[in-house]
Amino acid sequence: MYTNICTQEEGREKIRWQKLIGSQIKSINMKTDIILAGVGGQGILSIAAGIGLAAVKTGLYIKQAEVHGMSQRGGDVQSHLRISDKPISSDLIPQGKAHLILSVEPMEGLRYLPFLSKDGWLVTNITPFNNITDYPEVDAILKEIKKIPNHIALDADAIAKEAGSSRSSNIVMLGAASPFIDIEFDKLEDGIRQLFGRKGEEVVEVNLKALRAGREFSQKNR
Amino acid sequence: MDKLLLLGDEAIAQGAIDGGLSGVYAYPGTPSTEIMEYVQASKQAAELGIHREWSANEKTAMESAIGMSYAGKRALVCFKHVGLNVAADAFINASITGVNGGLVVLCADDPSMHSSQNEQDSRFYAKFAMIPILEPSNQQEAYDMTYSAFELSERLNVPVMLRITTRLAHSRSGVGRKEVKAQNGMRLPSDPRQFVLLPAIARVNYKKLLNTQPLMDTLAEESKFNTLSKGKNNKLGIIAAGIAYNYLMENIAEGDYSVLKLSQYPIPPKQVRELYEQCDELLILEDGYPIIEEMIKGFLNLGKPIHGRLDGTVPRDGELNPAIVAKALGLEVYEGMPIPEVVKKRPPSLCLGCGHRDVYIALNEALEEYGTGRVFADIGCYTLGALAPFNAINSCVDMGASITMAKGAADAGLVPAVAVIGDSTFTHSGMTGLLDAVNENSPITVIISDNSTTGMTGGQTSSAFGRIVEICKGIGVDPEHIHVMNPLKKFHEENVQIMKKELSYQGVSVLIPQRECIQTFARRKKAEKKSAGKN
Numbered sequence: 001m002y003t004n005i006c007t008q009e010e011g012r013e014k015i016r017w018q019k020l021i022g023s024q025i026k027s028i029n030m031k032t033d034i035i036l037a038g039v040g041g042q043g044i045l046s047i048a049a050g051i052g053l054a055a056v057k058t059g060l061y062i063k064q065a066e067v068h069g070m071s072q073r074g075g076d077v078q079s080h081l082r083i084s085d086k087p088i089s090s091d092l093i094p095q096g097k098a099h100l101i102l103s104v105e106p107m108e109g110l111r112y113l114p115f116l117s118k119d120g121w122l123v124t125n126i127t128p129f130n131n132i133t134d135y136p137e138v139d140a141i142l143k144e145i146k147k148i149p150n151h152i153a154l155d156a157d158a159i160a161k162e163a164g165s166s167r168s169s170n171i172v173m174l175g176a177a178s179p180f181i182d183i184e185f186d187k188l189e190d191g192i193r194q195l196f197g198r199k200g201e202e203v204v205e206v207n208l209k210a211l212r213a214g215r216e217f218s219q220k221n222r
Numbered sequence: 223m224d225k226l227l228l229l230g231d232e233a234i235a236q237g238a239i240d241g242g243l244s245g246v247y248a249y250p251g252t253p254s255t256e257i258m259e260y261v262q263a264s265k266q267a268a269e270l271g272i273h274r275e276w277s278a279n280e281k282t283a284m285e286s287a288i289g290m291s292y293a294g295k296r297a298l299v300c301f302k303h304v305g306l307n308v309a310a311d312a313f314i315n316a317s318i319t320g321v322n323g324g325l326v327v328l329c330a331d332d333p334s335m336h337s338s339q340n341e342q343d344s345r346f347y348a349k350f351a352m353i354p355i356l357e358p359s360n361q362q363e364a365y366d367m368t369y370s371a372f373e374l375s376e377r378l379n380v381p382v383m384l385r386i387t388t389r390l391a392h393s394r395s396g397v398g399r400k401e402v403k404a405q406n407g408m409r410l411p412s413d414p415r416q417f418v419l420l421p422a423i424a425r426v427n428y429k430k431l432l433n434t435q436p437l438m439d440t441l442a443e444e445s446k447f448n449t450l451s452k453g454k455n456n457k458l459g460i461i462a463a464g465i466a467y468n469y470l471m472e473n474i475a476e477g478d479y480s481v482l483k484l485s486q487y488p489i490p491p492k493q494v495r496e497l498y499e500q501c502d503e504l505l506i507l508e509d510g511y512p513i514i515e516e517m518i519k520g521f522l523n524l525g526k527p528i529h530g531r532l533d534g535t536v537p538r539d540g541e542l543n544p545a546i547v548a549k550a551l552g553l554e555v556y557e558g559m560p561i562p563e564v565v566k567k568r569p570p571s572l573c574l575g576c577g578h579r580d581v582y583i584a585l586n587e588a589l590e591e592y593g594t595g596r597v598f599a600d601i602g603c604y605t606l607g608a609l610a611p612f613n614a615i616n617s618c619v620d621m622g623a624s625i626t627m628a629k630g631a632a633d634a635g636l637v638p639a640v641a642v643i644g645d646s647t648f649t650h651s652g653m654t655g656l657l658d659a660v661n662e663n664s665p666i667t668v669i670i671s672d673n674s675t676t677g678m679t680g681g682q683t684s685s686a687f688g689r690i691v692e693i694c695k696g697i698g699v700d701p702e703h704i705h706v707m708n709p710l711k712k713f714h715e716e717n718v719q720i721m722k723k724e725l726s727y728q729g730v731s732v733l734i735p736q737r738e739c740i741q742t743f744a745r746r747k748k749a750e751k752k753s754a755g756k757n
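Respectively, the protein sequence lines represent chains A and B. No gaps in the numbering here: position 167 of the first sequence is 167 in this note's numbering, and each next residue is one more. No gaps in the numbering here: position 80 of the second sequence is 302 in this note's numbering, and each next residue is one more.
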C-alpha cells in the first residue's frame, strides 16, 4: 500500500518519476549516495522523491533528505538521496562521500563539491538559472567544472530542445546520470514509454530522444 | 503490510492517525507544516472523521487540543519551536491540569535556522513543564513513538512532547505500520474540577505532577526507545539523543563503543549511571542545545570528563552532521573539494508576480521624504523585503511584532512608523496589537499585505478568509483610514499617493493591498484547467 502526498502539484510529479524509474531500480544492489542540486522550483525534489518511492517499493533501503520552506522561494536547494541494500544510518550524506552530484544548474553543482568523494562524478547542466544580481560569468563557472577530475557538463536545455521538447531537460539530465547509477537502460526507456504513453507517440519519442541524448553525451564524454 | 515512504513529519501524522487520534490542531511553520497537510490529505483521516483544520495560531491550537483531551479524546497539536513560545501559557498549564484523553505536543526544532529566527531547543520547555519527551532518531521511530505516545500521556496524566528537528521532519524513509487503534469515546474527566486551576486545586494538581516524576524516570528506564549497548572500548562512553544516533552509527560499528541511545526523557537515571561508571569519559551528542550535557556535567563539573558542545568537542551552535560527529570521535574526515570562489550565494527571493514586490516599491517611494529606518515588518514571505533590491524593512522579530513595535517606536517619537504584516500573521497575533494602537490612536500606518494565504509555508488557508477590512473596522479603526489597494504596476502612482496621505495622518491607518499569492494562483489555475479538461 502506498500513499502519495499530493497536497501540492509536486505530488503528481513524484508519481511520474516513480513510474519512470520504478521497475528499473532493482538493479541497484549497492550503496549509492547522490546529491541533487538546483534552484527552488527546478523540480529536483520531484526527481529525488520519485526515485525514493521506487526504491522502497522494491525493498531497498532509502533515506532522502530535502529542503523545504524558505529556500524554495528561488534559493539554492539540494536533496541528499541514499539508496542501499542495507539499512542506512544518517539522513545526510557524509562530507566527501557522495558518489554523484546531479545538478540541473551549473553553479549549484559546485556548491556541493565538499560532498563529492575522490572518485565521484559531477553531472551538471550548463544552462544557468540567473535570478541574482551577482551571478558569475558562465565561462568562470565552466572553468571550475573542468577542474573536477570526473565531470560531465552538458547543455541539457539545448539538447532537450534539439530533441523536440524544451521541457524535457530533466529527462536529459536523468539520461546523463544513468551510466553512474547503474540503471538498465532499456528499462529506463520502457519507463519513458509508460510515463508518456498517454500523451501520444510523439511525446514518447521526444522524451526517448532526450533520454538517449543525455546518456550518449555522458558515454562520449566520460 | 507494505512500507510507506514518508517524511518524518508524515510518519508522525500516520502514527497519530493509527494511534487513535481524534483531532489535530496546528498553525503552519517550517519544519512542522507537513504533519497537518498529511492528515488533511489522508482519506483514512476523512473516513475516521478526524478534526484537521488549521488554527489561527499556536495558542488557539494548543487550547483546542486541551479541550479535546478534556472531552476524553486523543489530540495532537503541532508547531515549530518558536510556535511553542506562542502556546507556552497553555502548554505549561496543561501539565498542571493533566489530561483526560491522550495529548501529544509536537515541536519541530530548527537547529542551524534553515527557516527560523532562532534555534531554541524545545526540550527545555518539556523539562520546565516536567513532562516526558519522545525524540525519534528515524522515521520508523517517529511513527512508533507517536502511535504509543497517546497511551503514555493517558497513563501518566500529562501531555507528552514529541520533539524532532528539521532533518528528520524533512527526510524520507520506509515506514511500516501497525494496527489501527479505535478512537476514544467521549467521556468527561472523572474529577469535574481537574481542569479548574484555581490556586487551591492547582496546588493539589501540582503535587500530583511532582509525585509522578519517579514513574516518568522508571518508564524512561524501561522504555524500548532507550537502549544501552556495551562496547569493547570503555575509555569513551557515548550518549546519543534522537537523530544524533544516526550520525554516530554512520561513523562507528555496533560494539565499538558503549552507547546509550536516548529517545525517551526524562534522561533515564539507571542507564546513565551505568554508562558513567563503566567508562572513563563521556561524549554527549544531541541536536540542539547541550541540555543533556549540562545536566550530566553539573554546575561544578567535578566528575569524569564530559565532552560535547560545552567544551568545544562539538560546535556550540548549528545542527549536527556525520562529519561533525566523526571529528568529535577523533576520526579522520576527507573534507572533499572546497567550494570554488565563483559560487555566489543564492538567497531566497520574492517570486516574480508577487504582490509584496509592488507594495515595497510603492512604500519605498512614499517614504522617501521621511528617510529610512521606520518600517517594522513581520514573519512571512514579505520578510524577504529586507534583501536587495528592496532593502525596505527594519525589523522581523516574532509573529505580530510589526504593529506593536511600530506603536512603541511611535510612542518614542518615531513618526510616522510603518508596520508591514501579512494577512495570516495579522490574524495569528496582529489583531490584539492593532487594538492597542487604536486605543491610543497611535500615529502608525499598518500595511496588511493580503495574499489570502499563508505563503511562506506553502499556501495553507489563512484565518481571515477575506474579512480583513471587517476585522479592522471591528477593532475600531476609523473606516476613512482603511484603504483596500491593488498592488499592480498600473496602480503604482495611486498607491504611492494613498500611502503618502496616510503616512501624514496622525492616527491609525490600515492599508490593505490585496492580490492573490502567485503560487496559489498558479496552482488554482492548473487545477481549474484540469477539471475543465475532464468535463
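Be a bit skeptical, because a hint or two may be false.
[Unchecked claim] Straight-line C-alpha distance at most 30 Å; calculated DSBU-like pairs for lysine-lysine:
1. K711/B <-> K723/B
2. K549/B <-> K526/B
3. K747/B <-> K31/A
4. K567/B <-> K143/A
5. K161/A <-> K566/B
6. K146/A <-> K747/B
7. K143/A <-> K118/A
8. K452/B <-> K549/B
9. K199/A <-> K747/B
10. K199/A <-> K161/A
11. K400/B <-> K446/B
12. K161/A <-> K747/B
13. K483/B <-> K349/B
14. K118/A <-> K567/B
15. K143/A <-> K566/B
Since the hints were made in silico from the structure, they are not lab data.
These are the hints, each one checked on the structure:
Taking the CA atoms of K711/B and K723/B, the gap is near 19 Å; set against the 30 Å cutoff, the hint holds. The suggested pairing of K549/B with K526/B holds, with an alpha-carbon distance near 21 Å, which does not exceed 30 Å. Pair hint K747/B plus K31/A does not hold up; C-alpha atoms about 42 Å apart against a cutoff of 30 Å. For the proposed pair K567/B and K143/A, the alpha carbon gap of about 19 Å is at most 30 Å, so the pair holds.
For the suggested pair K161/A and K566/B, the alpha carbons sit about 28 Å apart, so the restraint of at most 30 Å is met. Among the hinted pairs, K146/A with K747/B is inconsistent with the structure: their alpha-carbon atoms are about 43 Å apart, more than 30 Å. Our distance criterion of 30 Å between C-alpha atoms is met by K143/A and K118/A, whose separation comes to about 19 Å. The straight-line distance between the Cα atoms of K452/B and K549/B is roughly 22 Å, inside the 30 Å bound, and the hint therefore holds.
With a C-alpha separation of about 21 Å, the suggested pair K199/A and K747/B falls inside the 30 Å cut-off, and the hint holds. For the hint linking K199/A to K161/A, the alpha-carbon distance of about 18 Å falls within 30 Å, and the restraint holds. Proposed proximity of K400/B and K446/B is supported: the alpha carbons are some 16 Å apart, at most 30 Å. With a CA separation close to 26 Å, the supplied pair K161/A and K747/B stays within the 30 Å bound.
For a cut-off of 30 Å, the pair hint linking K483/B to K349/B stands: about 19 Å separates their Cα positions. Between K118/A and K567/B the CA atoms are separated by roughly 25 Å; this keeps the pair inside 30 Å, and the hint holds. Distance hint between K143/A and K566/B is fulfilled; the C-alpha atoms sit about 15 Å from each other, no more than 30 Å.
Consistency note: the structure conflicts with the earlier hints numbered 3, 6.
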